[in-house]
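Colleague: The lines below spell out each chain.
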Amino acid sequence: MDGGLSMAKFHAKEELIYPGSFACPGCGLMIAFRHVLKALGKNTAVITTAGCGSVVAGSYPQTISKVPFFHCSFGTAAATAAGLKAGFDMMGKGSINVLAWAGDGGTFDIGLQSLSGAAERNDDIIYVCYDNEAYMNTGVQRSSGTPLGAWTTTTPIESLENRPKKRITAIMAAHEIPYIATASVSYPDDLKKKIRKAKGIKGFRFIHILVPCPTGWLYPASDTIRIGRSAVLSRIFPLFEIIHGKEYRLSPMGAKISVNEYLISQGRFRGLSEKDISHIQEKVDEYWFELKMLAARGDGRH
Amino acid sequence: MTGNDAAAMAAKMAKPQVVAAYPITPQTSIAEKLASYVARGELNAHYIKVESETSALAACIGGSLAGARVFTATSSQGLALMHELLHWASGARLPVVIVNVNRSMAAPWSLGIDHNDSLSQRDTGCIQMYCETAQEALDNILIAFKLAEKTLMPTMICMDGFLLSHYSEPVDIPDQADVDRFLPPRKAKYKMDPKNPFTFGGGVSPTVLFGLRKRIQDDMDHALSHFQKICGQFYRYFKRRYRAVEPFDTKGKEIALITNGTLSGTARAFVEQAGKEKGVGLIKIRLFRPFPRRELTMALKGLKKAVVIDRNLSPGSGGIFSQEIRAVLYETGQKIPVISAIGGIGGVDVTIEDLDRLVQRVREGGNLTGETIWMGD
Amino acid sequence: MIEIKLSGRGGQGVVLASQILAAAFFRTGKWVQSFPSFGAERRGAPVAAFLRVDAKEITLRYGITQPDWLIIFDSNLVNNTVMDGVKPEVSVIVNWSPSTQGPKLSLRQRVFVVDATSIAEALNLRTTSFSIVNTAMVGAFAKASGLIDLDNITKAIGELAPIKKKENVAAAKEAYVKVKEVLL
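Chains as they are written, first to last, in this note's numbering: chain A, 2 to 303; chain B, 18 to 394; chain C, -15 to 168.
Each hint should be verified, as a subset may be incorrect.
From the structure, some residues in chain C lie toward chain B, with a derived Cβ separation under 7 Å [unchecked claim]:
1. G13
2. S18
3. F19
4. F22
5. F34
6. T43
7. L44
8. R45
9. Q93
10. P146
Beta-carbon label-pair distances, calculated as ranges [to be verified]:
11. A:A87 / C:S113: 39 to 47 Å
12. A:Y61 / B:T368: 22 to 30 Å
13. C:T65 / A:G268: 28 to 36 Å
14. B:A124 / A:E15: 25 to 33 Å
15. C:N60 / A:K67: 29 to 37 Å
For lysine-lysine, the following DSSO-like pairs were computed, each having C-alpha atoms within a straight-line distance of at most 30 Å [what the hints assert, rightly or not]:
16. B:K32 / B:K246
17. A:K247 / A:K284
18. B:K256 / C:K40
19. B:K167 / B:K246
20. C:K162 / C:K139
21. C:K164 / C:K139
22. B:K293 / C:K71
23. B:K246 / B:K208
24. B:K295 / C:K40
25. B:K167 / B:K231
26. B:K246 / B:K231
27. A:K203 / A:K293
28. C:K139 / B:K295
29. C:K14 / B:K256
30. B:K318 / B:K352
31. A:K167 / A:K257
32. C:K40 / B:K268
33. A:K94 / A:K257
34. C:K71 / C:K40
35. B:K268 / B:K208
36. C:K14 / B:K293
37. C:K40 / B:K293
Rather than coming from a laboratory, the hints here were simulated on the basis of the structure. We treat Cβ as the ideally placed atom computed from N, Cα and C, and that holds for glycine.
All chains should be modelled from the sequences, with the hints used to inform the complete structure.
Modeller: Quick look at the structure:
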């Protein structure tokens, strides 16, 4: 199952972050980081790149990390992590989990070249993208992870985001890497299962976590988990795994609901008209159908 | 308005047709303001929301090749990602205007101000200017567009991060009609045009490249006089006078403080307060590339000591302005000592009291040349 | 030249308050320089904003460490680092609710208090996490300092308040009347 460790025991395990991060109240990425580190365990080294994930970890002389942690330049998370793992391997320390921890900006955009390179070489690292769907750290500017219709400071109300969210998992699948998964902070057991599974695989592993952000998505800080859940239930952010870039496996999710609940819960979508919302529903339904077809074909060998 | 607001305003008034910018602290409000202007129809430009700064400058190069007027803004790490393309734009003789909001280079991360980011680009073949106030930012950006298009050189306007970008102060906004007259639309002589096709940038022989580089140097020399002419035109329209080197209250003084950027403002306040008593005047450098040799030499006439305050460091060598100034004085035979002071790196405040202590140290005498005074030590 | 520091928490409208003050002073023909505190800020973290005001151009540029006036939006900050290193002659205005413990300040400072939270709450000026006390604090400053008149303050609020302009103006006017000096 999951290595014989019950979830209750798991939750009681030692934390690998100190309290007192610089995160906003209700920050989704801190929840994700906490679960990811716990699932990976102490024998882990973290490379993080520019973004909220770097800043919330603290400024000198403070840090939240109980494991080794390095801040690298913006576009190079995957390359830096690959180099770190290569170094560990050569020094007989190959058992150390090397985690590249980057946001949608550092993954979908400026870090895409570095990500693709490391994936194509099947570099032996775990790359986790915490996706809050915009450049949050610099004040909410759009990224290619920003969904259709969303407000950001560079897609203001007069010109809301008009491009669909980049399908990063499809891009990763094209590299035929051993393991890809999507996960959610609102489904912590599923998230931790996937991290532990990734931990046991060699090669390039990519986990994409949706992390709701009260500051940029414009909702009350206490709603983070609820919003993360409705993202999954509406299939705007479905949970699945991709094995070797070919076999899609849908993760257990509750019954599908309409996109309405998710969209009306956030101020960043207040510029959407009825027409926009039905267009979004259509697109979500299309994507969900596509995923079901992909899952149905199994490992794609017949 | 803040320095960033003023910069965005200038960029809007210059009517660029292609804007490509990637957000980076402390430039972000420039990128955001321009996005907002375009969204509201106040600026008729194609705004490319690029995924990195390398792409930002690459896109500007592309836009410029079409014959369009282009603009980008960045800072520190972002400017570093533009490095290859600054060389490129210069060699391709393209009039791209780049605003750099100065910020310390990582590692480690720092949001403080120093000039290492822009000074690291001094050899790329771009015109480079430093501003002190939000008014200067607005005015110098307008001047930059005209200068870049006249000289066919990428032009970088530097603004101190936070101390200028985020400080709010009174700014005189020029009349759009006057700006339109001062800065008419770009007329590109060479561009990508099927009706008149050219190939740009293909491989050249050593001799050809040698010639092209000599040409750039000659054009840089002429750029200085173009700058002066354009500043003259600017004065006629807007009644504000800008020079490559601006002395302040140096007559009859012994010591000249030489500064660039916002530190000049603090130095000015110091000279106003204590300059007479302590025999100190100020020389502010606005234009760094091309380096205004003659203007600096003239400004230093009659002074006994030059104290250069570098808000930068070339590790293994020293302050960059002091190196360049020393070289110029040696060339022109001016035998005054150039004392190198380094201050304000990382955004450390340089106050009037700090300047007073520095001047005190200099006046106490002793041979300080060959040493670098680290302010705050 | 006068130097003013505003101190509060992220989300309380400290920066907007400094912009309102700046606009008000600017209207009277003064030269104003204003700037926020810098660095990675998050909601709820202590933030500060600064102003310099003078009759002539202000050319110097660096942080303000010894303000003449310190406007504190959250009385909990008073016993925190916000009072560290201030000059003894600083004048302080604190948002102080009578139900909380009084601000611990030395005898040499002039101290003014106003219950800006109650004023804001009564006018429904709040976000989900904070009472919007900034306009009340600005009104209190105008009376306590005598450096700026209420009329210019209310005009600046009219210009800059993003919503509830009437309520924000009312808050400033009420605080102007209610602020009082604490005689220790």
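Colleague: Going through the numbered hints above, which ones does this structure break? Give me the numbers in ascending order.
Modeller: 1, 5, 9, 10, 28, 33 and 35
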